Amino acid sequence: MKTSLGAVRGNREATIINAEELFGNFSHLSEPQDMKDRSETYWEWPEDIGNGFISTIIPRPGIIIEIGNFQLRENIAISFSRTNPSVFLGFNISGTMKRLFDSNAGPTKHLSYTRGQSVLGYLPKNQHSFIKPSAKTRTCYIHIDMESSFLKSLFREQNDQMPSGLRNIIEDTEEQLFHQISTTPTAVNMAIQQIINCPYRSSLKRLFLEGKALELISYSLAQPVQSEDTFLRDNELRLDDIERVMEARDILLQNLEVPPSLFDLARQVGTNKTTLNKGFRQTFGTSVFDYLKICRLERARELLDSKKVNVCEAAFHVGYTHQSSFTRAFKNHFGTIPKDHLH
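Position 91, counted from 1, in the sequence shown is what our numbering calls 104; the numbers after and before it change by one each time, with no gaps.
Misleading hints may appear alongside valid ones.
What the hints assert, rightly or not - Calculated pairs, BS3-like style, for lysine-lysine (alpha carbon to alpha carbon, straight line, at most 27 angstroms):
{"#": "1", "residue 1": "Lys-306", "residue 2": "Lys-320"}
{"#": "2", "residue 1": "Lys-138", "residue 2": "Lys-321"}
{"#": "3", "residue 1": "Lys-165", "residue 2": "Lys-286"}
{"#": "4", "residue 1": "Lys-344", "residue 2": "Lys-225"}
{"#": "5", "residue 1": "Lys-149", "residue 2": "Lys-321"}
{"#": "6", "residue 1": "Lys-306", "residue 2": "Lys-286"}
{"#": "7", "residue 1": "Lys-320", "residue 2": "Lys-344"}
{"#": "8", "residue 1": "Lys-111", "residue 2": "Lys-352"}
{"#": "9", "residue 1": "Lys-306", "residue 2": "Lys-111"}
{"#": "10", "residue 1": "Lys-111", "residue 2": "Lys-291"}
{"#": "11", "residue 1": "Lys-320", "residue 2": "Lys-352"}
{"#": "12", "residue 1": "Lys-352", "residue 2": "Lys-225"}
{"#": "13", "residue 1": "Lys-352", "residue 2": "Lys-321"}
{"#": "14", "residue 1": "Lys-165", "residue 2": "Lys-218"}
{"#": "15", "residue 1": "Lys-149", "residue 2": "Lys-111"}
{"#": "16", "residue 1": "Lys-320", "residue 2": "Lys-286"}
{"#": "17", "residue 1": "Lys-225", "residue 2": "Lys-165"}
{"#": "18", "residue 1": "Lys-138", "residue 2": "Lys-111"}
Note that these hints are calculated values from the structure, not bench results.
These figures come from a predicted structure and were not determined experimentally.
With the hints as constraints, model all of the structure from the sequences given.
See below:
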């Protein structure tokens, strides 16, 4: 079925796929699941649409972990409908992920996060949403979805340790969409890689992934919240502002080795550097400069993992003139040194 997602994507269309067709019905994660048939799923994209997989696992009632690693040939949006309110975490390893939310009160609301970024959010009861991965580029991510009652049980009445915006929601004093985007820290990157490369199977796998999921939840809740960026407001960014941000992002990705200055980049997309930086912070959770740095390091890691370049060549390909500076930045971001990816 084709449908228009014009509120975010202009006049282009996307194929809508119902999440239940991929993963089954996980609307009530607190209900006991058939651990043999329902605790873990593995789904591969048809060759005419893309390649790669999406897998899900329920390590315990109330929480689901989703791992995706694929490349799509066309624009796809996965439709989700959850009966119960839920808290979600997203960690992007490569590609860009857009999340769109239907709103009865006005235009469709959205958030977008890219590689090297993570998102913490809340979906109210009966909220319908879409997840739209980037097309024609490799997408790799981890999503953790949990019922708000499960998160509340973890804190045992010590909700003051949650971010204030989320705490008000969990305590039932507010009921609205919430999100915060942050740069993924080194410790989180290490936990993400351990989830992707989990060495266990069956019950040990569920136990291992549950522990790592709780670790990611802890890191995400510890991130500081900037109140002006946490709630999805209709007037955060106009559609033309979003298009300029996306155009600027594409220019940066195409010129990682020799990127334009902030002034020149803003001029190329028809805005000023203050507005562009603000747009990047609202859309990607970071400044233009930090976004460029993340993209350079992520691209360098892809090159190293391909085993086709050495450390010096990878650094040069993404614009680093000194290998020592590259190695230091790489270790600060990923927690590993570049040469570790050559083995």
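Exercise. Looking back at the numbered hints, which does the structure fail to meet, lowest number first?
Worked result: Checked against the structure, the hints that fail are numbers 2, 3, 8, 16, while the rest are satisfied.
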